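J.: So for the sequence shown, the UniProt record's numbering puts the first residue at 1; every next one is plus one.
I should point out that these hints are in silico values taken from the structure, not numbers from a laboratory. Some hints could be false.
Between beta-carbon pairs, the in silico distance windows are [said to hold, decoys possible]:
1. 246 to 200: 18 to 24 Å
2. 110 to 200: 32 to 38 Å
3. 89 to 127: 27 to 33 Å
4. 31 to 1: 39 to 45 Å
5. 236 to 151: 27 to 33 Å
6. 110 to 187: 17 to 23 Å
No more than 30 Å apart at the CA atoms, straight line, and that leaves these computed lysine-lysine pairs for DSS-like [what the hints assert, rightly or not]:
7. 130 to 232
8. 232 to 292
9. 292 to 3
10. 130 to 3
11. 174 to 130
12. 3 to 111
13. 232 to 174
14. 174 to 3
15. 232 to 3
16. 111 to 232
17. 111 to 130
None of these values were measured; they are calculated from a predicted model. A virtual CB, placed ideally from N, CA and C, is assigned to each residue, including glycine.
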Amino acid sequence: MGKIAVVGSNMVDLITYTARMPGPGETIEAPRFEMGCGGKGANQAIAAARLGAAVMMVTKVGDDVFADNTIRNFEESGIDTRHVERVPGTSSGVAPIFVEPSGENSILIIKGANALLSPADIDRAAEDLKGCDLIVMQLEVPLETVYHTIDFGARHGIETLLNPAPAPTDLDPKRIEQVTFLVPNQTELATISGLPVNSEVEAETAARSLIARGIRTVIVTLGARGALLVTKGEETRRIEPVRVTPVDTTGAGDAFIGSFARYYVEDRDLDAALHMAVRYAADSITRPGTQKSYAGREAFEAFCASL
Numbered sequence: 001m002g003k004i005a006v007v008g009s010n011m012v013d014l015i016t017y018t019a020r021m022p023g024p025g026e027t028i029e030a031p032r033f034e035m036g037c038g039g040k041g042a043n044q045a046i047a048a049a050r051l052g053a054a055v056m057m058v059t060k061v062g063d064d065v066f067a068d069n070t071i072r073n074f075e076e077s078g079i080d081t082r083h084v085e086r087v088p089g090t091s092s093g094v095a096p097i098f099v100e101p102s103g104e105n106s107i108l109i110i111k112g113a114n115a116l117l118s119p120a121d122i123d124r125a126a127e128d129l130k131g132c133d134l135i136v137m138q139l140e141v142p143l144e145t146v147y148h149t150i151d152f153g154a155r156h157g158i159e160t161l162l163n164p165a166p167a168p169t170d171l172d173p174k175r176i177e178q179v180t181f182l183v184p185n186q187t188e189l190a191t192i193s194g195l196p197v198n199s200e201v202e203a204e205t206a207a208r209s210l211i212a213r214g215i216r217t218v219i220v221t222l223g224a225r226g227a228l229l230v231t232k233g234e235e236t237r238r239i240e241p242v243r244v245t246p247v248d249t250t251g252a253g254d255a256f257i258g259s260f261a262r263y264y265v266e267d268r269d270l271d272a273a274l275h276m277a278v279r280y281a282a283d284s285i286t287r288p289g290t291q292k293s294y295a296g297r298e299a300f301e302a303f304c305a306s307l
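All chains should be built: construct the whole structure from the sequences, respecting the hints.
T.: This is the structure in structure tokens:
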């Protein structure tokens, strides 16, 4: 199996389960609170590692009480932490998450040390990155660092995946043309393309507009409706969903990407990796929490066998 590098964020998830969201100026009691490790980069790395992938993390943490726990969490999952750097005088990233009874969630992020991950950090990790088969990125770190990493991958023949989340309005399509896989959800696709994405037909149209701008492969995650694979000169392929009863959808997109990366680097079978990713994301939402909802390889294989 190949090696995956995740260049991205780590966060401390502060999860509040609430009967409903409060209105302006309103205070309500929430029944439950949990704290865990999160951040899109860390989530994707953990999902891939739990499934048996060799994963290296390139990220920054603060010098607060959360940093030790974040690093320990990586190490306990078997992730290479040589390029996880502590930043003095800076907070770690934090993500307050609010989960409603339906399983839907609302999330705020405070980047903290993540905002200081720079192109120079990529250059310092260059020799180890060159030994990887896929570099996975998100947008909870500076855009220039993401652009630099995409260029690095292109120069050295390393495939790259960009999850454009949270989607910025100033993402430069020209700077991401060389990415191997662009993996947005519907909201992110609408922001990046500037087109409405309220149906699968509109999602395909918006994805095709990105293909026309030079992106090679767009994978649109559709939540309970599976995913779409859109490539230049080929018909759009729909990846059928797996029906489950959702408990908590937090981190499902990250579960999809981390598991896709793991199965893709195994044998470069794109369709097979996408089908496994849809299943892994579906399995993750049957349990509460983010990383703690991500199954290990044996448990996931049992879930697949039960379908």
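J.: Now look at each hint and say whether the structure bears it out.
T.: Status of the hints after comparison with the structure:
no. : hint                   : verdict
1   : 246 to 200: 18 to 24 Å : 20 Å, holds
2   : 110 to 200: 32 to 38 Å : 34 Å, holds
3   : 89 to 127: 27 to 33 Å  : 29 Å, holds
4   : 31 to 1: 39 to 45 Å    : 42 Å, holds
5   : 236 to 151: 27 to 33 Å : 29 Å, holds
6   : 110 to 187: 17 to 23 Å : 20 Å, holds
7   : 130 to 232             : 28 Å, holds
8   : 232 to 292             : 37 Å, violated
9   : 292 to 3               : 23 Å, holds
10  : 130 to 3               : 10 Å, holds
11  : 174 to 130             : 24 Å, holds
12  : 3 to 111               : 27 Å, holds
13  : 232 to 174             : 17 Å, holds
14  : 174 to 3               : 27 Å, holds
15  : 232 to 3               : 27 Å, holds
16  : 111 to 232             : 35 Å, violated
17  : 111 to 130             : 27 Å, holds
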